[in-house]
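J.: Read off the chains here:
2 protein chains.
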Amino acid sequence: MTDSYLNATTPDLESRARPEDHGDLRLWLRLLTCCNLLESDIRSRLRTEYETTLPRFDLMAQLLRAPEGMKMSELSRHMMVTNGNITGITDQLEKEGMVERNKVATDRRSSIIKLTAKGKRTFRKMAESHEQWIQGVMAGMSEKSKKNLFEALGELKLIVQTQLTLRS
Amino acid sequence: MTDSYLNATTPDLESRARPEDHGDLRLWLRLLTCCNLLESDIRSRLRTEYETTLPRFDLMAQLLRAPEGMKMSELSRHMMVTNGNITGITDQLEKEGMVERNKVATDRRSSIIKLTAKGKRTFRKMAESHEQWIQGVMAGMSEKSKKNLFEALGELKLIVQTQLTLRS
Numbered sequence: 159m160t161d162s163y164l165n166a167t168t169p170d171l172e173s174r175a176r177p178e179d180h181g182d183l184r185l186w187l188r189l190l191t192c193c194n195l196l197e198s199d200i201r202s203r204l205r206t207e208y209e210t211t212l213p214r215f216d217l218m219a220q221l222l223r224a225p226e227g228m229k230m231s232e233l234s235r236h237m238m239v240t241n242g243n244i245t246g247i248t249d250q251l252e253k254e255g256m257v258e259r260n261k262v263a264t265d266r267r268s269s270i271i272k273l274t275a276k277g278k279r280t281f282r283k284m285a286e287s288h289e290q291w292i293q294g295v296m297a298g299m300s301e302k303s304k305k306n307l308f309e310a311l312g313e314l315k316l317i318v319q320t321q322l323t324l325r326s
Numbered sequence: 159m160t161d162s163y164l165n166a167t168t169p170d171l172e173s174r175a176r177p178e179d180h181g182d183l184r185l186w187l188r189l190l191t192c193c194n195l196l197e198s199d200i201r202s203r204l205r206t207e208y209e210t211t212l213p214r215f216d217l218m219a220q221l222l223r224a225p226e227g228m229k230m231s232e233l234s235r236h237m238m239v240t241n242g243n244i245t246g247i248t249d250q251l252e253k254e255g256m257v258e259r260n261k262v263a264t265d266r267r268s269s270i271i272k273l274t275a276k277g278k279r280t281f282r283k284m285a286e287s288h289e290q291w292i293q294g295v296m297a298g299m300s301e302k303s304k305k306n307l308f309e310a311l312g313e314l315k316l317i318v319q320t321q322l323t324l325r326s
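Chains as they are written, first to last, in our numbering: chain A, 159 to 326; chain B, 159 to 326.
Chain A on its own, in the form it takes in the complex (with noise of 0.2 Å):
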């Protein structure tokens, strides 16, 4: 697991804008910076409350919504993460005897993997933390206030995929 756009180091991005950028350069920058510390405080209570990594987090959190297991191929896709260290993820998670792998009878090259039960347990632990630390950071917004940030945000979000469909 290594770098990213994102992490724990970066001071507050929005610093980074000058007075003449234009307002949508700066409202990348403080989208960004919210990213950021948010990120980068998940990253840092999942070390240090429970030993683990983001990507480890993610991984699981994958396989928790394919009760019926995911092939490598279909976990690299659909991580957050990109698939350089999903192999060795998946082998450390395997040793802990957190996910199991076995062989796909039709294929004999591919395995699926699976959360065992105590990966089940182990993540839904985790997850109701990472819900937790969420409620908690965002404590002092009123409800109201996120409200309309979900919903500038449903709006961005929709402007930026229509975008990127028409060029793709």
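No lab work stands behind these hints, which were simulated from the structure alone.
Take these hints with a grain of salt, some might be off.
What the hints assert, rightly or not - 20 Å max Cα-Cα, derived PhoX-like pairs, lysine-lysine: (1) A:K302 with B:K315; (2) A:K315 with B:K305; (3) B:K305 with A:K304; (4) A:K302 with B:K304; (5) B:K253 with B:K229; (6) A:K315 with B:K315.
Computed from a predicted model, the values in this text were never measured in an experiment.
Given chain A's structure and the hints, the job is docking chain B onto it.
T.: For chain B alone, kept in the frame of chain A given last:
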């Protein structure tokens, strides 16, 4: 340059939220999705239009803000990427004539890194494109919506920063 909570293969993370999830978690996933979409677009444009990477762009951005140059240690503190690759990136940029290293008179073990004139020209061109990409992607959003989003994010940023400061 490697993995990220944010990356090009990331699908819409918000789809990961379950109906029973708390609103704060949904808000976080939506925020992260917006960052993902924009960041992966920037990475892909830097690659296709400038054959460069986000950490290289980031490093040059830091240096542009420090006309007197920066020590390696300062660079790693200020960059958006962790310091794993900073030495490698700096070596590469030096070979390409984008940066220069000068020994510090008072401390022979450390060097000051600066953008060369070529580095400045190159970075300014990329930064201009970067800004235009952001504007292009956000073009479908009204000024009023952008203003609302900017303010709502400002509120979130302040609350998160306050929370993190209180805890540290």
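J.: Determine for every hint whether it applies to the structure shown.
T.: Hints and how they fare:
Taken as a hint, the K302 (chain A) and K315 (chain B) pair is honoured in the structure, with Cα atoms around 16 Å apart against an allowance of 20 Å. Between K315 (chain A) and K305 (chain B), the direct Cα distance comes to roughly 15 Å. Compliance with the 20 Å bound is thereby established for this hinted pair. Between K305 (chain B) and K304 (chain A) the alpha-carbon distance is near 15 Å, which keeps this suggested pair within the 20 Å criterion. Restraint check for K302 (chain A) and K304 (chain B): the C-alpha separation of about 18 Å stays at or below 20 Å, so the hint holds.
As the CA atoms of K253 (chain B) and K229 (chain B) are separated by approximately 18 Å, the hinted pair is consistent with the 20 Å bound. Using a Cα cut-off of 20 Å, the hinted pair K315 (chain A) and K315 (chain B) holds, with the two alpha carbons roughly 19 Å apart.
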